[in-house]
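Number of protein chains: 2
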Amino acid sequence: MERITARTNDKIKYASLLASSASKRRESGEFLLEGARLCADAAACSVEIVRSFFTSDALEKYSSYISVITDACRECYEITPEVASRLSDTGSSQGVFCVCRMRECSYALKSTDRCIALENLQDPSNVGAVIRSAEAIGIDALIVSGGCDIYNPKVLRAAMGSAMRMNIIQCDSLPAFIEKSKAGGFVSFACVVSGEAEDIRNTGALAGEKGIICCIGNEGNGLTQETVNACDYRVTIPMQGKAESLNAAAAASIAAWELKR
Amino acid sequence: MERITARTNDKIKYASLLASSASKRRESGEFLLEGARLCADAAACSVEIVRSFFTSDALEKYSSYISVITDACRECYEITPEVASRLSDTGSSQGVFCVCRMRECSYALKSTDRCIALENLQDPSNVGAVIRSAEAIGIDALIVSGGCDIYNPKVLRAAMGSAMRMNIIQCDSLPAFIEKSKAGGFVSFACVVSGEAEDIRNTGALAGEKGIICCIGNEGNGLTQETVNACDYRVTIPMQGKAESLNAAAAASIAAWELKR
Chain A
1 MERITARTND KIKYASLLAS SASKRRESGE FLLEGARLCA DAAACSVEIV RSFFTSDALE
61 KYSSYISVIT DACRECYEIT PEVASRLSDT GSSQGVFCVC RMRECSYALK STDRCIALEN
121 LQDPSNVGAV IRSAEAIGID ALIVSGGCDI YNPKVLRAAM GSAMRMNIIQ CDSLPAFIEK
181 SKAGGFVSFA CVVSGEAEDI RNTGALAGEK GIICCIGNEG NGLTQETVNA CDYRVTIPMQ
241 GKAESLNAAA AASIAAWELK R
Chain B
262 MERITARTND KIKYASLLAS SASKRRESGE FLLEGARLCA DAAACSVEIV RSFFTSDALE
322 KYSSYISVIT DACRECYEIT PEVASRLSDT GSSQGVFCVC RMRECSYALK STDRCIALEN
382 LQDPSNVGAV IRSAEAIGID ALIVSGGCDI YNPKVLRAAM GSAMRMNIIQ CDSLPAFIEK
442 SKAGGFVSFA CVVSGEAEDI RNTGALAGEK GIICCIGNEG NGLTQETVNA CDYRVTIPMQ
502 GKAESLNAAA AASIAAWELK R
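As they're listed, the protein sequences go chains A and B. According to this note's numbering, the residues represented by the first sequence are 1 to 261, in order. According to this note's numbering, the residues represented by the second sequence are 262 to 522, in order.
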């Protein structure tokens, strides 16, 4: 395995840029993944691994994960702890990194699918937690719109591998996506904070046998008016107490749970 | 209003220490709260405000919030932006800070209460999100044990004021708390990841008219064996897909939702 000792090595500079820059990720179609388990998960679900980097400590400590990774990747490098610290997004790095290619999501919605759509979610921990919840609960597909970047290192870490396995459909305009899905027979719900909206527990009854798209909005501003208008129904998670709303990830998790309950 | 311009002022050093040090908070019984809305919320729910600090920008921009705070606090200081940056936990500070006294939670559980208990939760964003969810959903009390520090600035921010309003009972040993609550007629549930545990949707039926305590464990390790053993039932949130578990805040939010559904 070739050894990289310079933090200024071109491959390291590029990998580091992928970690820090959303526009670099979009432009290149590649992203940086960190962590022994996460990288092995990526290899196991056939994510294309362009190159990988391991510290010598990691090669010993995580040998079983790393053999899964090296089987799937021909360009592997040993790196020093100093180089690893340039790539790492965490305080306590495991010293395992992969440059991966984004996957085109080729998933076509089926007519009975239960889906969650996220509009302009900003907090990477929230986005990651929703992806993880959606997979665990059995949501069929996630739709993400706007600046919601699923390849941000913090999203990938919070999603715990689910980002590589979930059907995640990215779209530019959620209202346009909803209009198209309606034509395909889907029933759409806008999750809002309002005493006058339908109770989230009634989504199943309202949708009947049809597929569902349930939309969750941005942390500060909720859904855009365009998306609320595009949806068939406004639904709400009934609140008590003085809290005005739930954290976006908590709301999405409860909505997902109700869609599959 | 007296003006503080030195970052090394004793009152500023003390407030900064309250923000960064859990042991200083425990020792003094005080904590630092940041943000116009949060500090006004604290004043509105009769949290004792020892002293407050505002930048001149904040005094203009958040005057309505600040008047609520100054009505409740006799020791108010104007500070410079440089001093504010020493106190702030965020990149974009509003320049509003209060040193507050912790409240003794005098809440006595009622026999039909629905409660969530958190054992050794570590991530402040998770703890804050659970407090916020618990209040919004109408959970009667939260029990927190172990190193779970509800006065950490990140917890307070994520809880969005709910930390000042929720009944939060702190205990040293969750198993001991559960044993005591059982004697008081409560039914206790340990939330675990297991195909053999009871479905979380059955908690209501299992508890009947009795009060419920549902326990959620640490992010990495789940509940301690002692707590699982102390509980009447093991419950689980049924999973699909390859995700092995939910984020602790998502699990707690869904559990809270089911307790009150």
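No lab work stands behind these hints, which were simulated from the structure alone. Some hints here could point you the wrong way.
Keeping only pairs whose Cα atoms sit at most 20 Å apart, straight-line, the calculated EDC-like set for lysine to aspartate or glutamate is [stated by the list, open to error]:
#1 B:K443 - B:E487
#2 B:K521 - A:E78
#3 A:K182 - A:D140
#4 A:K260 - B:E263
#5 B:K441 - B:E457
#6 B:K443 - B:E505
#7 A:K242 - B:E505
#8 B:K503 - A:E60
#9 A:K154 - B:D384
Here are some, though not all, of the chain A residues that point toward chain B, as calculated from beta-carbon distances under 8 Å [as the list claims (entries may be wrong)]:
#10 G29
#11 Y77
#12 P124
#13 S125
#14 E135
#15 G138
#16 M160
#17 R165
#18 L246
#19 I254
A virtual CB, placed ideally from N, CA and C, is assigned to each residue, including glycine.
Against the structure, the hints:
no. : hint            : verdict
1   : B:K443 - B:E487 : holds, 15 Å
2   : B:K521 - A:E78  : violated, 53 Å
3   : A:K182 - A:D140 : holds, 17 Å
4   : A:K260 - B:E263 : violated, 58 Å
5   : B:K441 - B:E457 : violated, 27 Å
6   : B:K443 - B:E505 : violated, 31 Å
7   : A:K242 - B:E505 : violated, 34 Å
8   : B:K503 - A:E60  : violated, 27 Å
9   : A:K154 - B:D384 : holds, 14 Å
10  : G29             : violated, 25 Å
11  : Y77             : violated, 29 Å
12  : P124            : violated, 11 Å
13  : S125            : holds, 6 Å
14  : E135            : holds, 4 Å
15  : G138            : holds, 3 Å
16  : M160            : holds, 7 Å
17  : R165            : holds, 6 Å
18  : L246            : holds, 5 Å
19  : I254            : holds, 5 Å
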